[in-house]
Amino acid sequence: MSESVDAEASVLDRLRGRLEGPNTYGNSLPFWAVFAVVIAGLALYPQLVGVYTVIQTSRYFALAFLALSLSFIWGYAGILSFGQVAFFGVAAYTFGIIGLNFSSATEIMAALVGAILVGTVAAAIVGYFMFYGGVRDTYVTIMTLVIALVLNTFMAQTAGSEWAVGVAQLGGFNGMDIPSLTLGIGQSGFVLERAALYYALLAALVVTYLGLRVLVNSSFGLTMVAIREDEARTRTFGYDVPFVKLVVFTIGGALAAVGGVFYGSWGNYIDPTVFGIAFAALPVVWVSVGGRESLVGALGATVLIERMRTELSSGIGPIGSEWALVIVGGLLLGVILFMPAGVVPTADDLIARLRDRRTERGQSTNTPEEAIE
Amino acid sequence: MSTQDINVRQKPAVAATGGNTETLLATKALTKNFGGLTAVDSVDFSVTEGEIRCLIGPNGAGKSTLLELITGQLSPSEGDIYFDGEDLTGMETHNRIDTGLSVKFQSPHVYENLTVEENLQVPLQRTDRDTETVLAETLERIDLTEKADVRASELSHGEKQRLEIGMAVTLDPTLMLLDEPVAGMSVDETADVAELIRSLHDDGMTFLVVEHDMEFVRRISDQVTVLNQGEIFRQGPIEEIEADEAVRRIYLGENA
Numbered sequence: 001m002s003e004s005v006d007a008e009a010s011v012l013d014r015l016r017g018r019l020e021g022p023n024t025y026g027n028s029l030p031f032w033a034v035f036a037v038v039i040a041g042l043a044l045y046p047q048l049v050g051v052y053t054v055i056q057t058s059r060y061f062a063l064a065f066l067a068l069s070l071s072f073i074w075g076y077a078g079i080l081s082f083g084q085v086a087f088f089g090v091a092a093y094t095f096g097i098i099g100l101n102f103s104s105a106t107e108i109m110a111a112l113v114g115a116i117l118v119g120t121v122a123a124a125i126v127g128y129f130m131f132y133g134g135v136r137d138t139y140v141t142i143m144t145l146v147i148a149l150v151l152n153t154f155m156a157q158t159a160g161s162e163w164a165v166g167v168a169q170l171g172g173f174n175g176m177d178i179p180s181l182t183l184g185i186g187q188s189g190f191v192l193e194r195a196a197l198y199y200a201l202l203a204a205l206v207v208t209y210l211g212l213r214v215l216v217n218s219s220f221g222l223t224m225v226a227i228r229e230d231e232a233r234t235r236t237f238g239y240d241v242p243f244v245k246l247v248v249f250t251i252g253g254a255l256a257a258v259g260g261v262f263y264g265s266w267g268n269y270i271d272p273t274v275f276g277i278a279f280a281a282l283p284v285v286w287v288s289v290g291g292r293e294s295l296v297g298a299l300g301a302t303v304l305i306e307r308m309r310t311e312l313s314s315g316i317g318p319i320g321s322e323w324a325l326v327i328v329g330g331l332l333l334g335v336i337l338f339m340p341a342g343v344v345p346t347a348d349d350l351i352a353r354l355r356d357r358r359t360e361r362g363q364s365t366n367t368p369e370e371a372i373e
Numbered sequence: 001m002s003t004q005d006i007n008v009r010q011k012p013a014v015a016a017t018g019g020n021t022e023t024l025l026a027t028k029a030l031t032k033n034f035g036g037l038t039a040v041d042s043v044d045f046s047v048t049e050g051e052i053r054c055l056i057g058p059n060g061a062g063k064s065t066l067l068e069l070i071t072g073q074l075s076p077s078e079g080d081i082y083f084d085g086e087d088l089t090g091m092e093t094h095n096r097i098d099t100g101l102s103v104k105f106q107s108p109h110v111y112e113n114l115t116v117e118e119n120l121q122v123p124l125q126r127t128d129r130d131t132e133t134v135l136a137e138t139l140e141r142i143d144l145t146e147k148a149d150v151r152a153s154e155l156s157h158g159e160k161q162r163l164e165i166g167m168a169v170t171l172d173p174t175l176m177l178l179d180e181p182v183a184g185m186s187v188d189e190t191a192d193v194a195e196l197i198r199s200l201h202d203d204g205m206t207f208l209v210v211e212h213d214m215e216f217v218r219r220i221s222d223q224v225t226v227l228n229q230g231e232i233f234r235q236g237p238i239e240e241i242e243a244d245e246a247v248r249r250i251y252l253g254e255n256a
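Protein chains in written order, with the UniProt record's numbering: chain X, 1 to 373; chain D, 1 to 256.
Note that these hints are calculated values from the structure, not bench results.
Bear in mind the structure is a predicted one, so any value in this text is a computation, not a measurement.
Treat each hint with caution, since some may be false.
Some but not every residue of chain D turned toward chain X, in silico, with C-beta under 7 Å [unchecked claim]:
#1 T93
#2 I97
#3 N113
Even for Gly, the Cβ is constructed at its ideal location relative to N, Cα and C.
Given only the sequences and the hints, what does the whole structure look like? Please build it.
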């Protein structure tokens with residue numbers, strides 16, 4: 001009896017060992033306790049709030065994939081892409097094109113796989129030319145932004161009826177319809193909408209977050225960090241740096257693509273603004289505010305900032321959404337000026353310092369004062 | 001110029017390390033031009049297995065360029081590089097390292113934001129050596145066992161230099177390339193590094209060391225190659241080199 005309990009405990013320990021490490025924040029039992037409470041809370045959330053809030057929150061979750069994607073490539077490998085939205089949008093459009101042409105549940109599941117594949121391959125191609133072509137640092141940022149803007153311009157001029165793939169009209173600025181995600185076989189399937197979509201997103205997000213934690217704390221994660229810290233030196237330890245960066249960028253593209261499919265099917269609609277500069281800047285803001293080296297920070301910042309934008313948009317009136325962008329910009333400036341590492345790393349640092357001071361005081365004082373405590 | 005040309009044709013000295021005289025590294029007519037400047041000029045240079053060969057010469061002699069040609073950071077204008085029987089010439093840096101080379105550059109390039117142990121792990125995880133054993137052994141060797149969990153940014157200059165040598169050593173290379181390993185170090189720190197190199201050499205590692213500090217060179221090596229204006233000027237045992245008038249002249253920067 002006790003042996004099986006021990007075995008269970010050792011499996012848990014091993015699991016924790018893989019999830020924790022120097023490359024992630026939250027490596028303690030209290031963190032996992034809070035994590036479990038938050039997940040339980042989010043699981044109950046749809047029972048507590050109205051359908052509108054559930055639908056809005058699903059949108060934040062879809063965008064959080066974009067944040068994880070950028071935190072992964074920028075925070076851990078030092079590749080600042082301003083164009084993760086490109087792979088996000090390409091996947092959304094691809095999902096729409098395949099989904100509109102084939103409508104059975106099986107085919108929509110195939111569209112999901114196809115769209116993620118196309119977004120991933122797009123990232124791999126862009127990454128190949130950048131990293132093997134010696135494009136680095138700021139030039140990566142500029143190039144990825146330009147790719148997004150070119151797609152923005154291109155998709156905007158696809159209003160004519162000649163811009164169609166099968167029955168799917170690309171629609172230029174008017175955008176394109178996108179079917180809902182459907183799970184199932186044959187004609188009948190389970191359509192992921194409202195609470196169902198919310199739960200699917202929540203589950204996908206938790207799995208992705210934990211998976212990324214294992215990855216960044218693995219030896220591959222250490223390689224990423226080494227490249228971020230000193231690319232030239234890492235090469236002289238025998239690492240194929242362009243290849244590692246290509247792999248990282250491709251994984252980042254895949255994450256953005258997953259978010260794009262969810263996002264497109266969430267609104268049943270996609271238009272070229274997904275490639276626009278305002279939207280392209282948002283992931284950079286979320287990740288900078290949350291802390292680029294913190295996956296959990298990126299997640300939290302995305303949900304909170306997007307929620308704030310929604311509230312402001314509906315709260316202030318017709319010009320609310322413009323004001324929201326201004327406020328988000330101000331928030332970015334404030335964070336960069338006062339906590340350049342972002343909220344989560346700064347808070348973590350603060351907690352560690354407080355704890356240090358406490359133990360120091362605990363060691364230097366003697367019993368009488370301990371009694372007061 | 002013409003007198004120097006004659007000197008260059010000197011026969012390379014045979015290493016005085018036991019009976020083992022197998023050539024590990026060889027360059028054939030290796031040349032590197034930067035625009036109009038020839039930094040390395042048709043150099044035939046070799047390192048014999050088991051020796052500590054020092055490469056000296058005045059500033060701008062082409063020592064670092066030669067090292068960068070060997071590691072593949074620079075590609076040669078002409079000539080070839082052979083290591084352990086393989087032609088390295090067209091190879092990418094990371095593939096060259098896999099053939100058994102390891103390098104430590106002049107200025108310390110440790111990962112400042114990582115701990116000492118993580119720094120060692122970056123190169124170590126590429127090998128199939130046992131992590132725990134090698135980590136403990138290397139930390140002991142570079143005398144940083146107590147600082148294993150300290151961030152590299154908090155180390156002194158000498159400690160960083162030792163750490164970086166340790167990082168290069170974890171790859172268990174056949175040939176270790178060191179570019180001015182004691183630059184900017186105190187006398188004590190220099191002595192530590194000399195001892196470290198000697199102990200690794202005793203364990204069978206071959207070294208090519210670029211160095212300015214003659215005192216340090218005398219401590220670790222008896223075979224010296226003098227580079228001047230991109231060409232091999234002299235090669236031989238340290239006593240001979242030090243006694244050579246022409247070497248002293250170029251080393252002190254006096255014109256003949």
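Evaluation of the provided hints:
| no. | hint | result |
| --- | --- | --- |
| 1 | T93 | holds (5 Å) |
| 2 | I97 | holds (3 Å) |
| 3 | N113 | holds (6 Å) |
When the structure is compared with the earlier hints, no violation turns up for any of them.
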